[in-house]
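> The lines below spell out each chain.
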Amino acid sequence: MAATYQIAVIGDWESVMGFRALGLDTYPVTSADEARERVRELAKTDCAVIYLTETLAKDMGDTLSRYKDELRPAIILIPGREGSLGIGKRDIQRAIERAVGADIL
Amino acid sequence: MANITVTPTRMELTRLKGKLKTARRGHKLLKDKRDGLMKEFLETVREVRALRAEVEEELMRVHRSFTVASAIMSSEALEQALILPKQSVELTMTMQNIMSVNVPVYAYQTKTQSASDIYPYGFAATSGELDTAVSALGGVFEKMLKLAQIEKSAQLMAEEIEKTRRRVNALEYVVIPQTEENIRYITMKLDENDRSTTTRLMKVKDMLLKEALEEKREMTAKAVASSDGAATMA
Numbered sequence: 001m002a003a004t005y006q007i008a009v010i011g012d013w014e015s016v017m018g019f020r021a022l023g024l025d026t027y028p029v030t031s032a033d034e035a036r037e038r039v040r041e042l043a044k045t046d047c048a049v050i051y052l053t054e055t056l057a058k059d060m061g062d063t064l065s066r067y068k069d070e071l072r073p074a075i076i077l078i079p080g081r082e083g084s085l086g087i088g089k090r091d092i093q094r095a096i097e098r099a100v101g102a103d104i105l
Numbered sequence: 001m002a003n004i005t006v007t008p009t010r011m012e013l014t015r016l017k018g019k020l021k022t023a024r025r026g027h028k029l030l031k032d033k034r035d036g037l038m039k040e041f042l043e044t045v046r047e048v049r050a051l052r053a054e055v056e057e058e059l060m061r062v063h064r065s066f067t068v069a070s071a072i073m074s075s076e077a078l079e080q081a082l083i084l085p086k087q088s089v090e091l092t093m094t095m096q097n098i099m100s101v102n103v104p105v106y107a108y109q110t111k112t113q114s115a116s117d118i119y120p121y122g123f124a125a126t127s128g129e130l131d132t133a134v135s136a137l138g139g140v141f142e143k144m145l146k147l148a149q150i151e152k153s154a155q156l157m158a159e160e161i162e163k164t165r166r167r168v169n170a171l172e173y174v175v176i177p178q179t180e181e182n183i184r185y186i187t188m189k190l191d192e193n194d195r196s197t198t199t200r201l202m203k204v205k206d207m208l209l210k211e212a213l214e215e216k217r218e219m220t221a222k223a224v225a226s227s228d229g230a231a232t233m234a
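These protein sequence lines are chains A and B, in that order. Numbering follows the working numbering, with no gaps: position 15 of the first sequence is 15. Numbering follows the working numbering, with no gaps: position 35 of the second sequence is 35.
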């Protein structure tokens with residue numbers, strides 16, 4: 001089942017414009033609500049990977065946890081223009097805690 | 001805790017013994033699965049951490065060069081330069097099965113083959129900083145895709161490990177002890193039944209013996225009495 005899928009990038013305009021040149025689908029948004037709506041729409045289409053800036057992701061915990069256990073789409077956090085907020089790293093930590101039952105690393 | 005509603009019959013005992021055997025085997029299998037997944041998971045997580053740190057750092061560098069580019073060019077010109085992409089990426093997703101967890105494997109194909117052919121704008125109206133930024137971003141992209149793949153795998157594995165761990169614990173601390181308790185209860189009840197049957201039989205035998213003895217004694221007494229009577233008559 002090797003169908004072709006899309007890769008989307010959601011974030012503020014400055015953070016996503018570069019990805020446009022690479023041929024990814026970019027969706028500049030201004031608020032977390034808008035981003036949430038966009039993620040929901042993209043999840044219904046043939047979008048396999050969504051890159052989301054951490055700046056937006058910090059207010060979207062509910063949406064992120066909803067798609068966490070789904071195979072598609074994979075929502076991957078990337079640092080936005082303002083720099084890394086450490087949310088992506090914290091998510092890894094949380095996954096470990098979930099699997100092991102304790103923070104071991 | 002013993003389940004009170006269990007019926008103490010031989011059939012139930014056989015059923016429970018079968019159940020216990022299955023539970024033990026399931027417990028062992030699930031435990032193996034959990035350990036195997038855990039090993040795989042920790043390896044993946046280690047990889048994710050390293051790659052994420054790398055990607056974040058490189059992306060920050062890219063952002064910086066974009067900032068420089070946008071400082072040199074007007075934002076309209078920048079937008080115009082990037083609005084119509086020349087490159088397009090097609091992602092293909094296949095599945096890989098790691099210890100019964102389906103994880104995605106991504107592969108991508110670009111429309112233009114050469115990495116130097118991705119600039120969607122003319123060089124006349126743009127600054128060289130933009131070229132640097134775009135080509136740097138192109139360099140990060142492959143790592144970003146790899147990150148997406150292993151991070152998603154880690155998330156899916158974490159979920160499966162959590163589920164498996166719960167099952168292992170449920171079997172180990174609830175199902176198996178409860179079944180054992182029930183088996184003990186039935187065995188004891190059946191033994192008790194056996195003993196009470198034996199005692200009852202012994203008691204009945206005693207009573208019968210006593211009755212028979214009494215009857216015999218009566219008969220002898222009668223016989224003695226009649227023979228005595230006969231003797232006095234004579």
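For the record, the hints were derived by calculation from the structure and aren't laboratory data. Model, not experiment: these values are computed from the prediction. Be aware that one or more of the hints could be misleading.
To be verified - Here are the simulated lysine to any residue pairs, SDA-like style, with alpha carbons at most 25 Å apart:
hint, chain 1, residue 1, chain 2, residue 2
1, B, LYS163, A, GLY61
2, B, LYS31, A, GLN93
3, B, LYS17, B, GLU218
4, A, LYS89, B, THR232
5, A, LYS68, B, ALA107
6, B, LYS143, A, ASP33
7, B, LYS39, A, GLU97
8, B, LYS111, A, THR45
9, A, LYS68, B, ARG166
10, B, LYS146, A, ASP33
11, B, LYS111, A, ARG72
12, B, LYS143, A, SER84
13, B, LYS146, A, TYR5
14, B, LYS31, A, VAL100
15, A, LYS89, B, TYR106
16, A, LYS68, B, ILE98
17, B, LYS163, A, LEU42
18, B, LYS163, B, SER65
19, A, LYS44, B, GLN96
20, B, LYS111, A, LEU42
21, B, LYS86, A, LYS68
22, B, LYS31, A, GLY61
23, B, LYS222, B, THR232
24, A, LYS68, B, GLU172
25, A, LYS58, B, GLN96
26, B, LYS163, A, THR45
27, B, LYS33, A, GLU97
28, B, LYS111, A, LYS89
29, B, LYS143, A, ALA102
> Hint by hint, say whether it matches the structure.
Now for the hints, and whether the structure bears them out:
Pair hint LYS163/B plus GLY61/A holds up; C-alpha atoms about 22 Å apart against a cutoff of 25 Å. Restraint check: the Cα-Cα separation between LYS31/B and GLN93/A comes to about 23 Å, which is no more than 25 Å; the hinted pair holds. Between LYS17/B and GLU218/B, the direct Cα distance comes to roughly 56 Å. Violation of the 25 Å bound is thereby established for this hinted pair. In summary, the hint linking LYS89/A to THR232/B is not supported, as the alpha carbons are separated by about 122 Å, beyond the 25 Å threshold.
Our distance criterion of 25 Å between C-alpha atoms is met by LYS68/A and ALA107/B, whose separation comes to about 21 Å. Simply put, LYS143/B and ASP33/A have alpha-carbon atoms about 29 Å apart, too far for the 25 Å limit, and the pair is violated. Distance check on the hinted pair: LYS39/B and GLU97/A sit about 15 Å apart at the alpha-carbon level, within 25 Å; holds. For the given pair, LYS111/B sits about 21 Å from THR45/A by alpha-carbon distance, which is consistent with the 25 Å threshold.
Of the supplied pair hints, the one linking LYS68/A and ARG166/B holds, its CA atoms being roughly 19 Å apart against a limit of 25 Å. Simply put, LYS146/B and ASP33/A have alpha-carbon atoms about 28 Å apart, too far for the 25 Å limit, and the pair is violated. For the given pair, LYS111/B sits about 24 Å from ARG72/A by alpha-carbon distance, which is consistent with the 25 Å threshold. Annotation: proposed proximity of LYS143/B to SER84/A holds, straight-line Cα distance about 17 Å (limit 25 Å).
For the given pair, LYS146/B sits about 15 Å from TYR5/A by alpha-carbon distance, which is consistent with the 25 Å threshold. Taking the CA atoms of LYS31/B and VAL100/A, the gap is about 13 Å. The hint holds against a cut of 25 Å. A C-alpha spacing of about 22 Å is found between LYS89/A and TYR106/B, which places the hinted pair at or below 25 Å, so the restraint holds. Taking the CA atoms of LYS68/A and ILE98/B, the gap is about 18 Å. The hint holds against a cut of 25 Å.
Proposed proximity of LYS163/B and LEU42/A is contradicted: the alpha carbons are some 28 Å apart, above 25 Å. Straight-line distance between C-alpha atoms of LYS163/B and SER65/B comes to about 45 Å, which puts the hinted pair past the 25 Å bound. Between LYS44/A and GLN96/B the alpha-carbon distance is near 23 Å, which keeps this suggested pair within the 25 Å criterion. Taking the CA atoms of LYS111/B and LEU42/A, the gap is about 22 Å. The hint holds against a cut of 25 Å.
At roughly 32 Å between alpha-carbon atoms, LYS86/B and LYS68/A are farther apart than 25 Å, so this suggested pair is violated. Distance check on the hinted pair: LYS31/B and GLY61/A sit about 32 Å apart at the alpha-carbon level, beyond 25 Å; violated. Taking the CA atoms of LYS222/B and THR232/B, the gap is near 16 Å; set against the 25 Å cutoff, the hint holds. About 29 Å separates the Cα atoms of LYS68/A and GLU172/B, which puts this hinted pair outside 25 Å; it is violated.
Of the supplied pair hints, the one linking LYS58/A and GLN96/B is violated, its CA atoms being roughly 31 Å apart against a limit of 25 Å. A distance of roughly 29 Å separates the Cα atoms of LYS163/B and THR45/A; the hinted pair therefore is violated under the 25 Å criterion. Simply put, LYS33/B and GLU97/A have alpha-carbon atoms about 18 Å apart, close enough for the 25 Å limit, and the pair holds. With a C-alpha separation of about 33 Å, the suggested pair LYS111/B and LYS89/A falls outside the 25 Å cut-off, and the hint is violated.
Of the pairs offered as hints, the one joining LYS143/B and ALA102/A is violated, with about 29 Å between alpha carbons and a cut-off of 25 Å exceeded.
Taken one by one, the earlier hints fail for this structure at numbers 3, 4, 6, 10, 17, 18, 21, 22, 24, 25, 26, 28, 29, listed in ascending order.
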